[in-house]
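I would like the entire structure built from these sequences, with the hints used as guidance.
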Amino acid sequence: MKTTSIASLLLSTALTFAVTGVASAQDKTVKIGALSDQSGLYADLGGPGSTLAAQMAVEDSGLAAKGWKIDIISGDHQNKPDIGTAIARQWFDVDKVDIIVDVPNSGVALAVNNVVKEKNGVYINSGAATSDLTNAQCSPNTVHWTYDTYMLAHTTGQALVKAGGDSWFFLTADYAFGAALERDTSAVVTANGGKVVGGVKHPLNTPDFSSFLLQAQSSKAKIIGLANAGGDTTNSIKQAAEFGIGKGGQKLAALLLFLTDVKAIGLETAQGLNFTETFYWDMNDQTRAFSKRFGEKMKNGAMPTMVQAGVYAGVRHYLKALEALGGNPHDGVKVVEKMKSMPTEDELFGKGEIQPNGRTIHSAYLFEVKKPSESKGPWDFYKLVGTVPGDQAFTPLSESKCPLLKK
Amino acid sequence: MQALYAQLLVGLINGSFYALLSLGLAVIFGMLNIINFAHGALYMMGAFVAYFLLNLGGINYWWALLLAPIIVGIFGMILERTMLQWLTGLDHLYGLLLTFGIALIVQGVFQNYFGSSGLPYAIPDQLKGGMNLGFMFLPIYRGWVVIFSLVVCIATWFLIEKTRLGAYLRAATENPTLVRAFGVNVPRMITLTYGLGVGLAALAGVLSAPINQVRPLMGADLIIVVFAVVVIGGMGSIMGSIITGFALGVIEGLTKYFYPEASNTVVFVLMVLVLLVKPTGLTGRAA
Numbered sequence: 002m003k004t005t006s007i008a009s010l011l012l013s014t015a016l017t018f019a020v021t022g023v024a025s026a027q028d029k030t031v032k033i034g035a036l037s038d039q040s041g042l043y044a045d046l047g048g049p050g051s052t053l054a055a056q057m058a059v060e061d062s063g064l065a066a067k068g069w070k071i072d073i074i075s076g077d078h079q080n081k082p083d084i085g086t087a088i089a090r091q092w093f094d095v096d097k098v099d100i101i102v103d104v105p106n107s108g109v110a111l112a113v114n115n116v117v118k119e120k121n122g123v124y125i126n127s128g129a130a131t132s133d134l135t136n137a138q139c140s141p142n143t144v145h146w147t148y149d150t151y152m153l154a155h156t157t158g159q160a161l162v163k164a165g166g167d168s169w170f171f172l173t174a175d176y177a178f179g180a181a182l183e184r185d186t187s188a189v190v191t192a193n194g195g196k197v198v199g200g201v202k203h204p205l206n207t208p209d210f211s212s213f214l215l216q217a218q219s220s221k222a223k224i225i226g227l228a229n230a231g232g233d234t235t236n237s238i239k240q241a242a243e244f245g246i247g248k249g250g251q252k253l254a255a256l257l258l259f260l261t262d263v264k265a266i267g268l269e270t271a272q273g274l275n276f277t278e279t280f281y282w283d284m285n286d287q288t289r290a291f292s293k294r295f296g297e298k299m300k301n302g303a304m305p306t307m308v309q310a311g312v313y314a315g316v317r318h319y320l321k322a323l324e325a326l327g328g329n330p331h332d333g334v335k336v337v338e339k340m341k342s343m344p345t346e347d348e349l350f351g352k353g354e355i356q357p358n359g360r361t362i363h364s365a366y367l368f369e370v371k372k373p374s375e376s377k378g379p380w381d382f383y384k385l386v387g388t389v390p391g392d393q394a395f396t397p398l399s400e401s402k403c404p405l406l407k408k
Numbered sequence: 039m040q041a042l043y044a045q046l047l048v049g050l051i052n053g054s055f056y057a058l059l060s061l062g063l064a065v066i067f068g069m070l071n072i073i074n075f076a077h078g079a080l081y082m083m084g085a086f087v088a089y090f091l092l093n094l095g096g097i098n099y100w101w102a103l104l105l106a107p108i109i110v111g112i113f114g115m116i117l118e119r120t121m122l123q124w125l126t127g128l129d130h131l132y133g134l135l136l137t138f139g140i141a142l143i144v145q146g147v148f149q150n151y152f153g154s155s156g157l158p159y160a161i162p163d164q165l166k167g168g169m170n171l172g173f174m175f176l177p178i179y180r181g182w183v184v185i186f187s188l189v190v191c192i193a194t195w196f197l198i199e200k201t202r203l204g205a206y207l208r209a210a211t212e213n214p215t216l217v218r219a220f221g222v223n224v225p226r227m228i229t230l231t232y233g234l235g236v237g238l239a240a241l242a243g244v245l246s247a248p249i250n251q252v253r254p255l256m257g258a259d260l261i262i263v264v265f266a267v268v269v270i271g272g273m274g275s276i277m278g279s280i281i282t283g284f285a286l287g288v289i290e291g292l293t294k295y296f297y298p299e300a301s302n303t304v305v306f307v308l309m310v311l312v313l314l315v316k317p318t319g320l321t322g323r324a325a
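Listed in order, the protein sequences are those of chains A and B. Heads up, my numbering is the position in the first sequence plus 1, with the first residue counted as 1. Heads up, my numbering is the position in the second sequence plus 38, with the first residue counted as 1.
Simulated from the structure, these hints should not be mistaken for lab results. Among these hints, one or two may not hold up.
[Claimed, not checked] No farther apart than 27 Å at their CA atoms in a straight line, the calculated lysine-lysine pairs in the BS3-like style are these:
#	chain 1	residue 1	chain 2	residue 2
1	A	Lys402	A	Lys118
2	A	Lys163	A	Lys248
3	B	Lys166	A	Lys371
4	B	Lys166	A	Lys252
5	A	Lys67	A	Lys298
6	B	Lys166	A	Lys223
7	A	Lys248	A	Lys67
8	A	Lys29	A	Lys118
9	A	Lys321	A	Lys339
10	A	Lys300	A	Lys67
11	B	Lys166	A	Lys372
12	A	Lys120	A	Lys407
13	B	Lys166	A	Lys248
14	A	Lys221	A	Lys202
15	A	Lys221	B	Lys166
16	A	Lys163	A	Lys371
[Stated by the list, open to error] Pulled a few chain A residues facing chain B out of the computed Cβ check, cut under 8 Å:
#	residue
17	Ala44
18	Asp175
19	Asn193
20	Pro204
21	Asn206
22	Glu243
23	Gly245
24	Gly250
25	Arg294
26	Gly296
Being a predicted model, the structure only gives us computed values, none of them experimental. No residue lacks a Cβ here, since even glycine has one placed at the ideal position from N, Cα and C.
So this is what it looks like as structure tokens:
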């Protein structure tokens with residue numbers, strides 16, 4: 002009994018392979034897997050909104066009218082690398098997924114990166130921050146779309162050091178992302194003549210930061226760098242205000258802040274914070290039009306975050322590459338090569354390119370949170386302070402440690 | 039040394055929430071014999087009710103302190119009447135599973151409508167600002183939380199251990215048939231007790247709203263720690279849960295100072311140690 006069932010399983014798997022093998026380049030079926038934190042502290046900045054963004058990208062591509070069949074499935078990695086890789090493996094092996102998108106949480110993102118490479122899928126990461134995805138751990142199957150820790154350090158971090166913030170204390174989320182962000186920012190601080198006087202690593206998803214904030218306060222550092230994200234950042238900022246940290250002359254550096262975080266903190270407390278993003282809904286007519294359509298489909302009418310915008314733009318570019326190839330080869334390396342050979346251009350991020358290490362290059366924007374009196378609507382939060390061109394914001398190829406770059 | 043005082047005080051603040059929540063759990067377990075896993079969800083509902091009262095009804099924090107526990111308490115009593123009461127006499131496991139299920143449903147509903155990053159709730163004007171204690175800057179609101187929860191904890195302890203009503207309650211737990219024979223409406227008393235425990239959770243929710251985000255998962259993150267507190271203190275022991283709540287808050291605070299990476303596991307390490315040495319908890323009676 003047992004042997005027969007295994008034999009039939011093997012046979013059916015072999016048949017499936019045979020079928021997909023025959024399909025080759027004329028195959029016009031695509032399966033997209035949106036893997037995200039669907040219910041935890043990163044669910045609002047990615048989560049269901051990222052799945053929606055992928056759906057909108059598929060609709061806007063117009064490929065359905067040209068005979069393509071594109072399906073989207075979504076999964077919840079719960080911020081656990083083992084769950085993330087298990088879903089990714091199942092998607093590739095059982096559900097025949099071609100591409101995985103989003104994947105916030107650097108720990109999960111790096112783990113999934115290996116699975117995608119092993120299965121020769123396509124990986125467009127938008128949600129994770131770690132710059133390792135296009136550095137030491139780069140892969141021919143991976144495109145890192147929206148932002149990374151190097152960019153955050155060289156925009157927000159650098160601007161603060163140059164404005165006189167030359168001593169830093171870090172509050173760091175104790176996992177791959179926090180470590181990468183602290184590392185990249187510390188490098189910028191020291192390179193610009195500042196120094197790091199201390200830091201504390203807190204567990205992911207900490208409700209109370211008062212102990213850590215007191216340590217930061219007594220360090221007398223001019224800048225308290227928040228190397229954390231999502232709910233951890235909003236709690237840090239709210240509680241720092243409570244402990245009077247801004248009034249004592251110390252300044253908070255929110256190294257990574259999303260639209261949904263500002264919404265959660267409220268303008269009263271968040272006003273004046275400086276930070277960097279690569280997308281904001283209220284940049285121009287095109288971003289506003291997209292965001293309006295997006296908001297209408299979200300339960301709470303939320304505007305898209307840069308992570309969700311990155312999922313949209315990444316999927317659009319992926320589908321353009323498939324169209325140029327004339328069909329889906331179901332070969333991750335081949336598709337990513339095609340994506341890298343085409344310049345990127347979309348309504349949300351404008352013109353850009355994907356570098357050989359998988360890093361997407363586009364402009365980064367320095368924003369400041371508006372005062373409550375300046376805000377005209379429920380999502381009117383940012384004012385633009387400066388623009389950093391893509392080639393200055395992201396890792397120069399000469400500094401990248403990616404093995405794909407033959408030097 | 040100064041930093042150490044500050045950490046002790048901060049620990050005491052977190053301890054207040056642990057104490058209030060574990061007190062409610064202890065009351066419910068002691069009187070109803072139910073392991074109330076919905077406690078975290080009810081705490082979250084307290085915070086949300088305060089948010090709605092303020093943003094929809096313009097009702098301020100002070101009224102919310104009174105109204106939210108009543109509203110959520112009534113919700114709890116409905117739960118008890120419609121579901122929990124049928125579990126009397128069954129194994130603890132049934133109550134645990136039922137309340138866990140209720141918690142998941144309530145959290146899921148809130149998450150569906152409000153997302154996960156939460157809503158802001160401002161500190162009331164009267165409690166804004168802080169004072170410089172020399173060794174630290176103490177936000178007035180946090181000081182208020184410590185004092186207020188101490189008062190509530192002691193009042194609850196007094197109600198149950200020292201008043202006639204409390205005596206009825208304790209007697210009803212020991213022997214419901216006999217107490218009923220004296221003309222006391224035992225089922226109604228049990229419902230009210232569950233309402234009281236739930237109200238305490240909601241009260242903690244209102245207190246924490248200005249400090250933390252009002253988030254659907256705020257209770258889920260906290261409830262596991264609170265259960266550890268109850269186990270360490272001894273299931274069902276009122277004073278035990280209050281003292282352990284404050285004590286563990288302080289221990290956790292000190293861990294955040296000396297070895298922050300372990301700050302969210304230290305409580306469980308202690309729980310294991312206590313269970314090994316004294317399985318009934320520090321102040322628990324043998325079952």
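Hint-by-hint comparison with the structure:
1. Restraint check for lysine 402 of chain A and lysine 118 of chain A: the C-alpha separation of about 18 Å stays at or below 27 Å, so the hint holds.
2. Under the criterion of a C-alpha separation no larger than 27 Å, the hint pairing lysine 163 of chain A with lysine 248 of chain A is consistent with the structure, at around 21 Å.
3. Taking the CA atoms of lysine 166 of chain B and lysine 371 of chain A, the gap is about 22 Å. The hint holds against a cut of 27 Å.
4. With a CA separation close to 20 Å, the supplied pair lysine 166 of chain B and lysine 252 of chain A stays within the 27 Å bound.
5. Taking the CA atoms of lysine 67 of chain A and lysine 298 of chain A, the gap is about 25 Å. The hint holds against a cut of 27 Å.
6. A distance of roughly 24 Å separates the Cα atoms of lysine 166 of chain B and lysine 223 of chain A; the hinted pair therefore holds under the 27 Å criterion.
7. For a cut-off of 27 Å, the pair hint linking lysine 248 of chain A to lysine 67 of chain A is broken: about 60 Å separates their Cα positions.
8. For a cut-off of 27 Å, the pair hint linking lysine 29 of chain A to lysine 118 of chain A stands: about 22 Å separates their Cα positions.
9. For the given pair, lysine 321 of chain A sits about 9 Å from lysine 339 of chain A by alpha-carbon distance, which is consistent with the 27 Å threshold.
10. Distance restraint check for lysine 300 of chain A and lysine 67 of chain A: the Cα-Cα separation of roughly 31 Å exceeds the 27 Å cut-off, and the hinted pair is therefore not satisfied.
11. Only pairs whose Cα atoms come within 27 Å are accepted, and lysine 166 of chain B paired with lysine 372 of chain A is accepted, the gap being roughly 19 Å.
12. Proposed proximity of lysine 120 of chain A and lysine 407 of chain A is supported: the alpha carbons are some 24 Å apart, at most 27 Å.
13. Annotation: proposed proximity of lysine 166 of chain B to lysine 248 of chain A holds, straight-line Cα distance about 14 Å (limit 27 Å).
14. Between lysine 221 of chain A and lysine 202 of chain A the alpha-carbon distance is near 18 Å, which keeps this suggested pair within the 27 Å criterion.
15. With a C-alpha separation of about 24 Å, the suggested pairing of lysine 221 of chain A with lysine 166 of chain B holds against the 27 Å cut-off.
16. Distance check on the hinted pair: lysine 163 of chain A and lysine 371 of chain A sit about 22 Å apart at the alpha-carbon level, within 27 Å; holds.
17. For alanine 44 of chain A, the suggested interface contact is upheld, since its CB lies about 4 Å from the closest CB of chain B, less than 8 Å.
18. The interface hint given for aspartate 175 of chain A holds, since its Cβ lies 6 Å from the closest Cβ of chain B, which is under the 8 Å cut-off.
19. A cut of 8 Å between beta carbons decides the hint on asparagine 193 of chain A: the least distance to chain B is about 28 Å, and the hint is violated.
20. Because the beta carbon of proline 204 of chain A sits about 5 Å from the nearest beta carbon in chain B, less than 8 Å, this interface hint is met.
21. At a threshold of 8 Å, the smallest CB-CB gap from asparagine 206 of chain A to chain B is about 7 Å, leaving the interface hint in force.
22. Proximity of glutamate 243 of chain A to chain B holds as hinted, the smallest CB-CB distance being about 5 Å (cut-off 8 Å).
23. Look at glycine 245 of chain A: its Cβ gets to within about 5 Å of chain B, closer than 8 Å, so that hint holds up.
24. With a least beta-carbon distance of about 13 Å to chain B, the hint placing glycine 250 of chain A at the interface is violated under the 8 Å criterion.
25. Given the 8 Å rule on beta carbons, the hint for arginine 294 of chain A is violated: about 19 Å separates it from the nearest Cβ of chain B.
26. Because the beta carbon of glycine 296 of chain A sits about 13 Å from the nearest beta carbon in chain B, more than 8 Å, this interface hint is broken.
Checked against the numbered hints above, the structure violates hints 7, 10, 19, 24, 25, 26; every other hint is satisfied.
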